[in-house]
Structures are given as C-alpha cells and as structure tokens.
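*Asks:* Each chain, letter by letter, is given below.
Number of protein chains: 2
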Amino acid sequence: MQKILHYIGVVEEALKKNSSTKIPIELYEPIAYSLTIGGKRIRPALLLLANDLFGGKQEDALNAALAIEVFHNFTLVHDDILDNAPLRRGKKSVYEKWNANIAILSGDVMLIQAIQLLSKSNKTHLLEILAIFNTTAIQVCEGQQFDMNFETSLTVSIDDYLKMIALKTAVLLGGSLKIGAVLANAKIEDANHIYEFGKNLGIAFQLMDDVLDLYGNPDKFGKRIGGDIISNKKTYLLLKATELATGRIKKELDFCLTSKVLDDDAKVNKVKIIFNELNIKQLALDEMNLFYNTAISHLDSIDASAEKKLVFENFAKSLMKREN
Amino acid sequence: MQKILHYIGVVEEALKKNSSTKIPIELYEPIAYSLTIGGKRIRPALLLLANDLFGGKQEDALNAALAIEVFHNFTLVHDDILDNAPLRRGKKSVYEKWNANIAILSGDVMLIQAIQLLSKSNKTHLLEILAIFNTTAIQVCEGQQFDMNFETSLTVSIDDYLKMIALKTAVLLGGSLKIGAVLANAKIEDANHIYEFGKNLGIAFQLMDDVLDLYGNPDKFGKRIGGDIISNKKTYLLLKATELATGRIKKELDFCLTSKVLDDDAKVNKVKIIFNELNIKQLALDEMNLFYNTAISHLDSIDASAEKKLVFENFAKSLMKREN
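If you read the protein sequences in the order shown, they are chains A and B. Oh and the first sequence: position 107 is 107 in my numbering, straight run, nothing missing. Oh and the second sequence: position 242 is 242 in my numbering, straight run, nothing missing.
Here chain A stands alone, though its shape is the one from the complex (with noise of 0.2 Å):
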C-alpha cells in the first residue's frame, strides 16, 4: 500500500500546482472547489502504478492521471445534479453549494479540461489513450443513463445490473489502468490484462459495497445501515432476491417494497430476516469472488516482475476486506 500512498501523494500534489484562478470565477470556483473536497485519488494513483508496473516515468504518465482525475470528478458535479445530491464527500455539492446551471457549465469545462490534460501526453501514444479514454467516458454516460433507467424499470436483471456496473463504475478503473500502461509502453496483452483486473475489480468492488449496506459494521460503516433497502434500490442483494423468492417469501418481499406501513427499522429487518432465508450475502459474495479471482487472474497472465505486481494484489485486497 505504501507505493499507492505514494502516487496518492504525487497527485495531490500536482492538482494543487495545476488550479490556478481564472475568470469568469463563477465558472473556475466551482472546478477548483470540486477538486479539493477530498477525493481518494485512487484512479490516477492506478494510473501511475500500472506505469509503474511495466517501467514507465512518472513525467509520462503526470497529466494523463491528472486528466483521468479531473474527468472524475467532472461525473460528479454532474451526477450530482441528476441525482439531486446535496452532499458529496461530506461537503455541500457544487449543484447544491452554486446551482444546477454553475454546475452543468463547470463540469462541462472539466471534460474538456481531461482532454487537454490527456493532450500533454507523449505524442506517440496520444492516439491510443485518446480512444481509451474516449470509449471509456461514453461508457461510464451509458452507466449513468442505464441505473437511471432502472430507478423506474420494472424488470432489471442480474445481467443488466452487472452490466450497468461495469460500465458505471468499473470501466474507469480498467481505463485508467490501460492508459498507465499503454504510456509506459506495455504489450498490448499484458494492457488489456490490466485493464480486465480493473474491470472486474472495479465489478467486485461495487458489489462488496451492495453487502457492506446491510451487513457492513454499523460503527465502521459511516451511512446507515440499510440504506439501500430504505430506498428500495435494485442492489444485486434485491435483485437476487427478487430472483428466487417464490411463494410466501415473495409475498413478503412484495409486501416489504410496496407496504406504506412499515416503518425504516421494520422495513430493514424484515427484508434482513428474508435475504437470509434465500442466503443472499453469501451469493452476492460468490458473485464478489467470481470477479475478484477473475481480476486476480488477469494479473497473473502479466508479464512483469511479481514483486512490482504484488502491490495490485494487495491493494485488490484491501478492496475486499474493506468495512466502509
């Protein structure tokens, strides 16, 4: 972990160095603002790591992690407005601290921002991180579109939710793996195995999250507990239930998603006491591995040192073992 602390490190510091006030302000305050409330840096530090990986400088890599970072955060400022999301990171969102149109037009100029930033990079791999980025950006759009879709969807699958992750979520990790490597010149199978470890840990990841909602440590955990099922979200948890209940455990589930009687508490441990009837943790941790060791065997199949490859894997899992 030490060398993610690292790159964490080293970008913290060159987004510091790379905002500088502009005018109009009521455009650049709210980038600014929505650069320094805290995120994790963990995309970007990736990035650097998987250049790392396959013997890459850092200068080469610099702006692509920073454009990845910027791109981020940019689905933020504008997630929030879909969402209708007052708080992000703990702290007011740029939709919520401005309004939705401050909001709509600086995250706008963020996305052209990533490009710029991406534009620095090496000329001779500028093409092929241009489409990366390109068809990942797309993606995580049509991530977005689909779970919001599947708010008012009668009918959502496993599959679909499966997919919608990926490309919500997921698909950025990948990305921004693959672009470290293709920088620091990798093969193109060892940057595709890379890019499928992030990918499918990325899936792994936000599936741990569906878990941790309701089975997470409620003094660790940092939201209520439940959460999720307060808001009737289709997590993998409700969707594989909805898979399987049949009979009077449908009719409880049915009663539990559309009763206006029951209260949050009651709601909880209702739906609670019939996951663990159709033994959901324990599937959507099956599903979880099946990822996981997916991720796992990508990284495998790369042909670099295993001291330098072992950071990954540790780093997948302390995804894994994660409590909040």
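These are computed hints drawn from the structure, not numbers from a lab. Be a bit skeptical, because a hint or two may be false.
Any copy will do: because identical chains look the same in the list, a pair fits if it lies in one copy or spans two.
Stated by the list, open to error - Subject to a maximum C-alpha distance of 30 Å in a straight line, what follows is the list of computed DSBU-like cross-link-like pairs (lysine-lysine): (1) K3 - K234; (2) K97 - K317; (3) K233 - K223; (4) K233 - K97; (5) K250 - K267.
Only a predicted model underlies this, so the values are computations on that prediction, with no experimental measurement involved.
Starting from the known structure of chain A, fit chain B onto it as the hints suggest.
*Replies:* This is chain B only, laid out in the frame that chain A set:
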C-alpha cells in the same frame, strides 16, 4: 455561395451516415434528434471550405467538420437547459422534449463524441487541432458564463460585451476555419489569418443580430421586433445607449427599463425613440463595420488564390446583408 451550399450538403450527408441507434436509447435518441432538427451546418461547411482554400482533401477534414457540428449542437443542448428554452430551431429543445437530466447526459456524450470524431483526423495534425478545439471549447463555455453573469450584472461595459460575444459565438467560427486550414497544411500565418477572419466576422454577425432585433424588416425577421428591448437584454444597442445617455434621456431610458406600467409595444417604441436620438443604430453599424473590415483585411492577407478567397468574401457579405 454555391461552394458553401455544396459543403453544407456534404456535411448533411455525412451526419446521416454517422448516426446510429445504440442503447441506452434514452441517451442516443436525443443526440440523433438534436443533430437532425435542422442546423444550418455553417461551421463545418466553413471548416471544409478553409480546408479547400489551402488545397486540403475533403476526406482528411470531414471528421473534424462533423466534430465541430456535434460540438456546436452539444452547446445548444446544454444552453437550452441553462436558458430554460423550450424551443430550438422552431422545434422542442431536448430539454423540453425529454428533461434536464437527459439533456445533461446526452450533451455530455456529444462532447465526447466530438473528441472521438476529431481524433479520427490525420495523426500529423492531431495535437494541433486538439489544442485549437480544446481552447475554443473552453472559451465557448466561458462566453456562456459571462452571458449569464450579465443578466444580473449592473455594469456591463461595451468591452465586456464584445469580449463575451467573441467567446460565446465568434471563436468557434474562427476555430472551425483554423482547424480546416491546419488539416490542409496551411502556413501558420495563414491559419491565424483565417482564424481572425472568422472571429471578427462572427463578432460583426452578432452585432448585426442586435441591430436586426429592432431595425429588421418585420416581414422577414421571423421573431418579434424589439424582443431584446422587452426583455431588457444587454445588447450592444442598449449598452451603448446606457453609456451615452445623460440628463433627460438617461431618465427616460431608466424609466423604460424599470417601469411596470409600460406595455411591450409602448416600451419598444419609447426605447427606439431614445436610440434614434442617440444615433445608436449607426454607432452599432459602425462598430460592426470595424469588425467586418478587420475580417476582410485578414482574408486579404492570406496567401491563397484570389478566386478561392472570393467565396469567403461573398459569404461574409451575404451575412452582413441578411434581413433575419
């Protein structure tokens, strides 16, 4: 004009070929809609024309031309949310036909698609045209923000206004022309001259717009004469009048701008009398001619065939003689 019409046709045809129906349709239907409700395709046609001026091949510039048109329509999709505009080109805006969320997200995808199209251009010039595109795109956003700021700002100078219309409208004309020139391997001075031609012509065009709002032929204008006055829009005419008005005239102008008893027709008539007293129409036309002449002098400086340059001059003239 024959040649511009030809390139407009080329762009129209290529846009049709380029469109596809992908999922999620909630994202791609609005994109197809916004690209088919009848834009004039002036910017991409000018890009192709500039490419031709410097002996470029159409197929080398077509993707960049499409990129500009997709980008331009992205700005319209997002601007219509910002302006709360139900109509675009006489049809429902994406924002009105669907909703703000759909307009935000499909706009985002269009911006990325524009970069994708641009990236298909000849590798030799990719870095250069990306730089022009990114700078221009950010300037357009800045212009939109300045325009929004002006709505609530008490003091907007003529200089502020000219800067705003340059950013919001004119730089994209300049940028389109310059990209076409660069892709044709034009000399850097010539690429800059064609940029300045487009930018200055764009400013002149916008000033003409301001004049036509009040002094246009009602039968041909297509919009209500004096619409800008009714909404107290800070156009060149109003800003110039505010700058020049003193004493009685200033009092009368202030009355018109703040009165709640004046009906729309009376307001337009009264303000027009004030403008006439201050000779505002002529001053606006003088300013417009200044930019127009600067545009033409840049065109004259370009090292290219007089015959080919004449197409640009005739186009510029036609813009200035328009009645709507």
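*Asks:* Any hints this thing doesn't respect? Which numbers, in order?
*Replies:* 1, 2
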